[in-house]
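2 protein chains.
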Amino acid sequence: MQATPGEFEIIRDYFAGAPRGEGVVLGIGDDCALLQPPADGLLATSVDTLVAGRHFPADADPAAIAARALRVNLSDLAAMNARPLWFTLALTLPHSDAEWLRGFADGLLQTAQAYGVSLVGGDTTKGPLSITIQVTGGSTAPLRRDGASVGDAVYVSGPLGAAAAALPLVLGQKLAGDSERKEAQRAYYFPEPQLATAAAIAPLASSALDISDGLLADLGHICEQSRVSADIDLHALPVAAIARQLAGEGALELAACGGDDYQLCFTVPQERIPELEQLGLEAVRIGTVIEGAGLSDNGERVRAWLDGERWFPESAGYQHF
Amino acid sequence: MQATPGEFEIIRDYFAGAPRGEGVVLGIGDDCALLQPPADGLLATSVDTLVAGRHFPADADPAAIAARALRVNLSDLAAMNARPLWFTLALTLPHSDAEWLRGFADGLLQTAQAYGVSLVGGDTTKGPLSITIQVTGGSTAPLRRDGASVGDAVYVSGPLGAAAAALPLVLGQKLAGDSERKEAQRAYYFPEPQLATAAAIAPLASSALDISDGLLADLGHICEQSRVSADIDLHALPVAAIARQLAGEGALELAACGGDDYQLCFTVPQERIPELEQLGLEAVRIGTVIEGAGLSDNGERVRAWLDGERWFPESAGYQHF
Numbered sequence: 001m002q003a004t005p006g007e008f009e010i011i012r013d014y015f016a017g018a019p020r021g022e023g024v025v026l027g028i029g030d031d032c033a034l035l036q037p038p039a040d041g042l043l044a045t046s047v048d049t050l051v052a053g054r055h056f057p058a059d060a061d062p063a064a065i066a067a068r069a070l071r072v073n074l075s076d077l078a079a080m081n082a083r084p085l086w087f088t089l090a091l092t093l094p095h096s097d098a099e100w101l102r103g104f105a106d107g108l109l110q111t112a113q114a115y116g117v118s119l120v121g122g123d124t125t126k127g128p129l130s131i132t133i134q135v136t137g138g139s140t141a142p143l144r145r146d147g148a149s150v151g152d153a154v155y156v157s158g159p160l161g162a163a164a165a166a167l168p169l170v171l172g173q174k175l176a177g178d179s180e181r182k183e184a185q186r187a188y189y190f191p192e193p194q195l196a197t198a199a200a201i202a203p204l205a206s207s208a209l210d211i212s213d214g215l216l217a218d219l220g221h222i223c224e225q226s227r228v229s230a231d232i233d234l235h236a237l238p239v240a241a242i243a244r245q246l247a248g249e250g251a252l253e254l255a256a257c258g259g260d261d262y263q264l265c266f267t268v269p270q271e272r273i274p275e276l277e278q279l280g281l282e283a284v285r286i287g288t289v290i291e292g293a294g295l296s297d298n299g300e301r302v303r304a305w306l307d308g309e310r311w312f313p314e315s316a317g318y319q320h321f
Numbered sequence: 001m002q003a004t005p006g007e008f009e010i011i012r013d014y015f016a017g018a019p020r021g022e023g024v025v026l027g028i029g030d031d032c033a034l035l036q037p038p039a040d041g042l043l044a045t046s047v048d049t050l051v052a053g054r055h056f057p058a059d060a061d062p063a064a065i066a067a068r069a070l071r072v073n074l075s076d077l078a079a080m081n082a083r084p085l086w087f088t089l090a091l092t093l094p095h096s097d098a099e100w101l102r103g104f105a106d107g108l109l110q111t112a113q114a115y116g117v118s119l120v121g122g123d124t125t126k127g128p129l130s131i132t133i134q135v136t137g138g139s140t141a142p143l144r145r146d147g148a149s150v151g152d153a154v155y156v157s158g159p160l161g162a163a164a165a166a167l168p169l170v171l172g173q174k175l176a177g178d179s180e181r182k183e184a185q186r187a188y189y190f191p192e193p194q195l196a197t198a199a200a201i202a203p204l205a206s207s208a209l210d211i212s213d214g215l216l217a218d219l220g221h222i223c224e225q226s227r228v229s230a231d232i233d234l235h236a237l238p239v240a241a242i243a244r245q246l247a248g249e250g251a252l253e254l255a256a257c258g259g260d261d262y263q264l265c266f267t268v269p270q271e272r273i274p275e276l277e278q279l280g281l282e283a284v285r286i287g288t289v290i291e292g293a294g295l296s297d298n299g300e301r302v303r304a305w306l307d308g309e310r311w312f313p314e315s316a317g318y319q320h321f
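First to last, the protein sequences are chains A and B.
Using UniProt numbering, you'd call the opening residue of the first sequence number 1 and step up by one each time.
Using UniProt numbering, you'd call the opening residue of the second sequence number 1 and step up by one each time.
The hints are simulated quantities; they were obtained by calculation from the structure and are not laboratory data.
Virtual Cβ for every residue (Gly too), placed ideally from N, Cα, C.
One or more hints might be untrue.
Among chain B residues calculated to face chain A with C-beta under 7 Å, some are [to be verified]:
#1 88
#2 125
#3 134
#4 209
Can you build the whole structure from these sequences, using the hints too?
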């Protein structure tokens, strides 16, 4: 890699004090990082770009931006039941701003330490603000999207709708008190990668993913790849308390269609449900996998029901900032 | 990963026909790719971002942009003596443009096939044009920057100055005939990752890197990390024919300071020189590693000599587009 002198050094210097993580033979500073893969299992890797003005406001707290960027990527590892090992950062910045970079590096370091993942490389370029992070983890029992079967129960790992309800506050489009604003910031910038839940369900679940674009849309991806469909009972959805507080009657739709919560959606064969229920997870059963419709009929793969009637969202689609 | 529907599918569809590469258990389409690391050795990984208007003209041939983006990354693997395995693509585009994407995907696929490297994941976002590629390879005998010792000979793997001489033509700042323009395009957009040379020298070399920012600057990185200095004889530099043709008298300075050629610079202990010379490589000895100056004295780590006198570049620095 060719790190531009100056910018990347600030971030690297922040990480110099961090303990050298598992498998890092040679970190930042050569043409490549050298990494020792785990002895068992597979590597799981995922990359995500966040662009200012699209995925976060350009003037947002840089520590929060960094936290969200890394957490969103770690959520992809959780969705595969992979243990976080390493990440790289490609940072494009309009101009060198030491204060911004320190804030960003602080947020990144705190998040990396919390999840035991090591920064092993990066690139800094001049240009419009955007952040690309690639995470790599190790998995001995990967969870995939393509294993759901007819009759499996559909679960979500925890409350939904918080991030979507928080978005208008995060964007400054809606005023709120201090405590509500703080909770909204937390919901949007600090999603919790469901790593522990993924590890717990991995022996039982037939498929899984993380909910980034909204439950109905993302469950659709499981259905497409597993060639099945699903019925969802909206009354069963665990709606986040802050979503009810901020969105009132609209909270249910946010829970069904809003994105950015990064809970897991997963399926479990009927015969494994008793074991799952014994795990004491926050996970809630919300539906059932049914026969797949024609493969071209993607729009109908997930059917939401409310009081015995088909339910459709009022909004054509949610704003994914 | 969350691939934006539309853009990334075009690229993915182009790759659907490509043979599934080594170690790819699950490719594009789930939350993560699943990869089986090689049984022996370490992984080497590197990330680079190319921004339109900075690393390439926004209106350049998309196939050439893709080729350069991947080749530049593969060069980082060559610099570590790592065998290319996998790469990811994070592509930020101002608007969906099917023709541009097809050209880009074509260039990417041809390059990937030529070097036996598999696209395993990606992300497409809307925003100012930029390309981030991360490559991962496997190495049983990695080459590092920090192994040079006093007395080692300094080599470059092949001719220098071509890309820097080509740049004014690539940018349209200088007119030229068809054949010169074509050769300039080739020099700038299609650098050859020195994978075979790296594999050949790995048992003999004490350090290596690829020359992206210019020989003197990059050899400085070897010196800093090895805590040594180096003397270079400019008369020994292999100056690319096209650099002489396009830049005349200025070609030597382009060979010494111009970037983007992606040849290797490496050091070899005296006692291994006979073995190296027997390999029949294009590599040329250009200098010798000497005692390191004080670690803070980075500017003096590499001393260039011409006819027995210290030589300094006329330009303060070269334009790295």
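Cross-check of the supplied hints:
{"no.": "1", "hint": "88", "result": "holds, 5 Å"}
{"no.": "2", "hint": "125", "result": "holds, 5 Å"}
{"no.": "3", "hint": "134", "result": "holds, 5 Å"}
{"no.": "4", "hint": "209", "result": "holds, 6 Å"}
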